[in-house]
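**Q** Below are the chains, spelled out letter by letter.
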Amino acid sequence: MDVTSLTAKQIVKLVLTGSLSPVDVVETYLDRAKKLNPKINAFITIAEEHARRSAEELEKRLKKGFPGKLIGVPIAVKDVISTKGIETTCASKILKGYVPPYDATVIRRLKAEGAIIIGKTNMDEFAMGSSTELSAYGPTRNPWNLERVVGGSSGGSGAAVAARMAPIALGSDTGGSIRCPASFCNIVGLKPTYGTVSRYGLISYACSLEQIGPMTVDVNDCALLMEVITGKDCFDSTMIDYKFKWTPREVKGLRMAVPKEFFGEGTDERVANRVWDIIKLLESHGAIYEEISFPLARYVLACYYIIAMSEASSNLARYDGVRYGPPCDLSLPWYDSYSKIRGEGFGIEVKRRIILGCFALSAGYYGRYYLKALKLRTMIRNHVLSILKSFDVIVTPTTPFPPFKIGERVEDPLALYMADVDTVVANLAGVPAISVPAGFIDGLPVGAQFMANHCCEDLLLTVAKCIQDETNFHTKVSKEVRL
Amino acid sequence: MSDIKVKIGLECHCQMTSLKTKLFCRCPADYRGKPPNTNVCPTCLGLPGSLPYLNRRAVEEAIKVALALNCKINRRMVFYRKNYFYPDLSKNFQISQYDYPLAVDGQVTINVNGTDKVIRIKRVHIEEDPGRIVYKGSIESSPYTLVDYNRMGIALLEVVTEPDMETPTEAKAFLQELRSILEHLDVSDGSLEGSMRCDANISIEGGSRVEIKNITSFKEVERALSYEIIRQRNLLRRGVQVKRETRHWDEVRRVTVALRAKEEEMDYRYFPEPDLVPIEIADEMIKKIKEQLPELPATRRIRLVKQYGLTEYEARVLTSDKHLADFFEKLVSIHGNPKIDCNLVINELLRLLNEKNIGVRDLKFTPLEVSELLRMVDEGTISWKSAKYVLRKMVETGEHPRKIVEIEGIRRIASIEEIEKYVDMVFEKYREDVEEALREPKVVHKLVGEVLKETKMLADPKITFQIVSKRIEKLRELKK
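Quick note, the sequences are listed as chains A and B, same order. The numbering of the first sequence is numbering that gives the first Met the number 0, which starts it at 0 and goes up by one. The numbering of the second sequence is numbering that gives the first Met the number 0, which starts it at 0 and goes up by one.
Just so you know, not all the hints are guaranteed correct.
[What the hints assert, rightly or not] Derived DSS-like pairs: lysine-lysine, alpha-carbon spacing no greater than 27 angstroms straight-line: (1) A:K374 with B:K81; (2) B:K33 with A:K83; (3) A:K475 with A:K404.
Simulated from the structure, these hints should not be mistaken for lab results.
Can you make the complete structure from the sequences, with help from the hints?
**A** Structure follows, in structure tokens:
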């Protein structure tokens, strides 16, 4: 039996029936991860020791008859999520060597359900990027084409799942960071409704926008992971009362809005066509669609980046070398030591966003930039919600183009920011959004994105399940990762 | 000199010491005396990924204060981030308030030299306390800076006044009243070190506004302001413009020092804290808190005058410190002589407290022991003068007053026979004076004085006078 071709659900079933032991599962995945990682660079840390120890503990736990929803399932965790005892770097030099003394709430929940953290995945530094090229640990390579980017910022998680180095993964999504790599990797990625998954332990980039979410091969695993990670947590004050529940049903009668601005200029025609294929597929199952206009589309990137950068400038102020990370230079006055540590520790994109964010919040510019962006955000949110009054979902491409070449856009921040143009809307509106495999262009994966109203994740999964069942794209694995 | 107008505004930072936990995490609020950096958690240490979660009790406590300061409570309160780099701030921003603070537009009446004056309160808001910077030796000689985050995240209340005070004395009176209000509300214990600190804004007619930071206790405020007034006045006299700047109060050298220009031009880049949601404050909640407000110093003053027949002044002195007033009322309830009890508390006891620089609650005895002391005076066992002496001993040793009287042998001598023995001695010793007293009645007093001296002042002066007078009278008759 090839364990790495199993879904998480299947692993749990086999572990519970005793046909598979957590130790075997972990060893198989560790072996594969260790073999493939030099090629893909999906993991910053492969938590070998931790994973083995956890697997052994789970064996004992099984004997006591005390299983869990994810018993024996290895999971790759984006290196932006705090894991007790496992180095957590955010792909930044400034957190090199930082071993958190506490678990993020999602990690506590995963452990309680018997999941095993197999490693910490690569990402754009502090989740700022859309290609996983901007990591202090080098770029992650796309398992479908090693010369191509994997998307970002949760690129390591996307690649790990696509290359079957882990059956499931956690990413975080501030402006598309789960959905973009999911789309580039031919997997499912869900950004949950803002406030449904605890952010406690998620290292902040832009706190009002981001959520942790699942990245999986299979839609059912996505649902399973959602069951585990959602739910109120007293450590996160921005949460809403919501517990995920999903019963698959038919898409018959589903009303889809297709905003034409996200299919036109700036969008690769081939990508648009793949998404249209998916829309037609759903239509053939009884869903109905209507083309609509989203006039605010041209402002979404500006709005998103001003808010994200402003929050980031404040969130990233704490990295000063006093409490963790590279030690202070005691020969310097404190402020010079701070400058030195931050100057050397942050990468160029992080510095760019901090500086722009400081500018947008500074006296005299606050009203012109930050406050204006907040007002625009309210307008965008209201517009999205008004569309979702007449429609169940909004369909767009996940990204306007397929995976590009490594190095192609990295020198041009604005070209890189364009990758987020379809995804940021969901973050600004706080609504859930999913990227589902929509086929390939010259062997490169493409994703279709669906947004739904707050707390309507079940609807998104129903749509995704229908697509998965009809296309079977998810069963395809890249030749590059055959061992 | 005194006709130049001075305007003083205060920003007071008061720790809400009655809370059990910190403002945004559940670390104990009682950080004092703990080994450095042990009273911390991911949140107050600002570890990557940690989030603040509000202590709701802090909001309720703060509402109590805002109501007591006659403020308007905002129905929607928002926390903001105040961004600046400093080693005592674990996140390099402070969670504070900016627009939509807890409350605005209040007022407090102070009294200086018998005159009432209204000080307007601009705003009241909640924020977190930074950690503490510790130097080895002094700031100049220390080879490094140590930071202790035990205090990081303690709930602070900031009370900002309008520039309504005109003298350092008024500023001090305001702070005293504020402290008393906080203590009556049981929100803050002003006697704990560093629990109440303030910044002051001061401007003299013709000059710019100067901010004085780092005034670490209310006691220092008067000093810092007096210094600053003299400094600014001297500048003006020499025709030098007073610059708008921020200065630091150096408690050791007792001067204000200008800060580096860099620190002055701080732009805090305030923006709403995205990790916390706006707090809605329901009318119901305000109503409930209002109903449960305890008696405040102003009403207590009126009651003390009415109930015990005290003077305005006496009531004011007592209520300037909640615990002093409590002590007095307890004492009256046992001893039952308001005039005498008040006199003992505000004259004798308060003087001793100030002299020893301690608070009422540091006393090692209760009003019950003091009532025992006063009973001994009432019984005639000791003199009032001895009573004062015993009180001092009580403050110093905590011994029971009756025991002190025994040990010190200061029981009053009231028995006629006993006093007569001393009179005999004195009449023997001062024959010439006795002779003179026969002619000149005034000299009788001198003899009485000598007798008292011989008894170490323990003899009852009245009885002594009677005995001496009778003796002289007798001698005079014998001579005839």
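**Q** Against each hint, give a clear statement of whether it holds in the structure.
**A** Status of each hint after checking the structure:
1. A:K374 with B:K81: 21 angstroms, holds
2. B:K33 with A:K83: 26 angstroms, holds
3. A:K475 with A:K404: Holds, at about 22 angstroms.
When each numbered hint is compared with the structure, no violation occurs for any of them.
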